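Here the protein sequences line up with chains E and P, keeping their order.
Those letters in the first sequence? Residues 5 to 434, per this note's numbering, in order.
Those letters in the second sequence? Residues 510 to 1004, per this note's numbering, in order.
The hints are simulated quantities; they were obtained by calculation from the structure and are not laboratory data.
Fair warning: this is a prediction, and the values are worked out from it, not measured in the lab.
Think of the CB as a built atom: it goes at the ideal place given N, C-alpha and C, for glycine as much as any other residue.
Hints are supplied without guarantee of correctness; some may be wrong.
To be verified - Simulated restraints on C-beta separations:
id	chain 1	residue 1	chain 2	residue 2	range
1	P	Thr514	E	Arg423	13 to 23 Å
2	P	Asp951	E	Arg80	11 to 21 Å
3	P	Ile657	E	Arg380	47 to 57 Å
4	E	Ala372	P	Ile620	48 to 58 Å
5	P	Leu836	E	Ala372	49 to 59 Å
6	P	Asp951	E	Pro299	48 to 58 Å
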Amino acid sequence: MCTRADCRFPTCRGFELAGDATDVAPADLGELRDVIGEALAAEEPLELIAGATKRGLGRPLQLPRTLDLSRLAGIRDYEPSELVLTAGAATPLEEIEAALAPARQMLAFEPPDWAGLFALPASAARRGTLGGALACNLSGPRRIKAGAARDHLLGFRGVSGRGEVFKAGGKVVKNVTGYDLCKLMAGSYGTLAALEEVTVRVLPQPEAACTVMLCGLDPAAATQRLNRALASPNDISGAVYIPACSTAALTSLSGVPGVAALRLEGPAPSVNSRRQQLLSDLASDCEATSLEEEPSAAFWRAMRDVTPFTGHADRIIWRISVAPSRGGELGEEIARRLDASWYLDWGGGLLWVAVSGAEDGGAALIRAAIRGTDGRGTGHATLIKGSLALRRAVPVFEPQPPPLAALAARVKEAFDPHRILNPGRMVEGV
Amino acid sequence: MKMPTPDAAVLQRRAEIVEALRHIVPGEGVIASEAERRAYESDGLTAYRQLPMVVVLPSRVEEVAAVLRYCKKMGIKVVPRGAGTSLSGGAMPLADGVLLGMAKFNRILDIDYDNRCVVAQPGVTNLAITRAVEDAGFYYAPDPSSQIACTIGGNVAENSGGVHCLKYGVTTNNVLGIEMVLMDGELVRLGGRHLDAEGYDLLGVMTGSEGLLGVVTEVTVRILPKPTAALALLIGFATTEDAGRCVAAVIAAGIIPAGMEMMDRPAIHAAEAFVKVGYPLDVEALLIVELDGPPAEVEELTGRVEEIARNHHATEIRLSRTEAERLAFWSGRKAAFPAVGRISPDYYCMDGTIPRARLAEVLARIRVLSDRYGLAVANVFHAGDGNLHPLILYDANKPGEIERAEAFGADILRLCVEVGGVLTGEHGVGVEKRDLMGTMFDESDLAHQQRLKCAFDPDGLLNPGKVFPQLHSCAELGRVHVHAGRLPFPDLPRF
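Only chain E is shown next, with the shape it has when bound in the complex (with noise of 0.2 Å):
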């Protein structure tokens, strides 16, 4: 059991876990060295945890002992016209986006809040760490126009699974110095190093933003309307859809069924005329709306959250990386083969999936059809939420060619040659 008397974790109240986890919570990069250091001499492996909020995402693990990171925390240095921000890796994203708001600046990929997806106890920290959004690269609506989280870490300092402290990247925006560990480090769930430290880069708040909403749509006519709107020069921050066969949840949120929603960012008078082109240009045939400031704001953090599919505990969640174009077709495939509700954000290109009674949560199913008939379709499908059993039998992440893989594995290798990190987290064996 937790050995800190403090300790805040659900983990640490047998949520999940086996039982006998020891914790340990080094203060410093020297303390944390030093756990690393004797985890490899003793060879046991280590769960890393800090805000503990997506520990029901990935591979479950079954570890001896959890290395509690949230220790490693605060902002280090915040210069507002320098766009760049250093601090703990476990720094509270609560704390982050409370230090960037005075300057009006923001976190551009909208980490998302899952806690609601997951399930978690109203205890627990909310929204996670920004060191946690980072190892699993986890990005909102914005993602197709400012950038996915791997594309703002802009450099970390940390400790591999050889024990060693080490860094890369730098504290300015534009650096090409030596390999770019940030990509590799950014979706790596924990398995190459334990982050201590990051800098990211950090952009202006939009001054206005709305929504476009166009409605009564089949995801046909959807997909082609939010093509059109992508491709034209109205800067979109924002494109979902959200088709008429969906969930309650989806349709009390828009209102009404089959509904693309665009995003509109900037200053008042661009965002002004962008939504006069972006509704003479797409809403000639269909109903159109618009959402104004905390309405939009509001649409779009439910959209980042995944709120759509909260609240139903027995249904496995799937999120779907594809070419745009791709989105709604494989959707409306999917629903119609499985018990299942979708929608799409990123223009398309991501699709989100609910599957009910699927014997493997639809795994074989949705894989398949990532790759289409004739075998060449490119994408990956990761099943965000379901439960242990699941996560046991199908793998988590989509399953990598062999050539693929087995590079993959080197690198683990070469960063975590003893298996110490997050073993299993995301591959097994891995």
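Once you've looked at the hints, dock chain P against the given chain E.
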């Protein structure tokens, strides 16, 4: 510049190697004569030259794979090359190495407007991608100055930037997928027409890896709709401090211009003498600020930038009235390098990045160094992202000047690191900054990077002698050092 000692055994087998390569790449794809190899002896960093052992120009992926497989089997080094425009010696040949030229991979394979991407072979030029899609209202955003010649494969290797990357990102932010061949001949696809990786982001690792990890044989990039309007402001300042503060104020006001460039007095004068576009000559610093987007936005933001400039004591503000005038504002900046080439027999272009707030201080210290080395310097600067390009003027025919220029350049890069910046913003480490890596990274940092190379190329055959100041064998790098003092149970048997 010390390169790895050529392998005498390989050099001795040269005739046999050329013959074997001719079997893999028939016809004119293997270049062995000294006169023809001469064309490949350097890249854009012409101070360093080396004749390659042999040049191979494959035209099919199978040939690339077979060449690499053969070289791995025989222990022969390979240097990949695109158009050879690298400014850091990334494509500099090795005396005992095969130079693998990708110029014949020059076709655009697919233009996919529904998914807003282009699939191209690596030898397609950067500008050719924009040319292929501009009629439909699209463009490819990263625009390095060499875009007419540099290839998209080279852009991936160097993670190239350009003047518009503050707003639109560098290569890594605009590449969706690649196909590549590893040193063992294995073909690997990363990404595609979708976003983000399903596992480790090896596409992100490959971008900017300077030809040390794999040979790119196909690239998928995203294209963007061309903004409807663009206006440029030309703003003169009496001091570089005022100009630097104006740049910071524009950013602090929440404005991300499409481009924000600065030139100092020597650069302004050189550029104006060359292109005669009417740059003010009585200022210490000149800013070009470009805003793009819908007309309503451009109009709004140019007004705000003008006001900020006035508040920062601008001595001259001009707004482009026509597209021709906007391009004229840029022509001086874009011609800054050749313009400096006219006033000096040779120049050496540096590429550090600094925190913007330290600009005035860094420029002042560069002036002090300039006096100390007795060499003039002109500064052009991607002010928006802190990427500084000091151009050191020298004459290679004067004994000792090239060495002085190199020492001056190294001091500038050390200064960039000292104030919190980095050695290279967009030109890459190559051979040029290789021996300065230790100013930014310690041994552990470099060892972690080199172990990543071991995962891709365990024999260290792909482009060795670039990026890393010291070569270590992968076996040596792979050892795990557990410090005895840290063992919690020192008596237990380990491993």
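Hints, verified against the model:
1. P:Thr514 - E:Arg423: 13 to 23 Å: violated, 37 Å
2. P:Asp951 - E:Arg80: 11 to 21 Å: holds, 19 Å
3. P:Ile657 - E:Arg380: 47 to 57 Å: violated, 34 Å
4. E:Ala372 - P:Ile620: 48 to 58 Å: violated, 28 Å
5. P:Leu836 - E:Ala372: 49 to 59 Å: holds, 52 Å
6. P:Asp951 - E:Pro299: 48 to 58 Å: holds, 51 Å
Hints 1, 3, 4, counting from the list given before, are not met by this structure.
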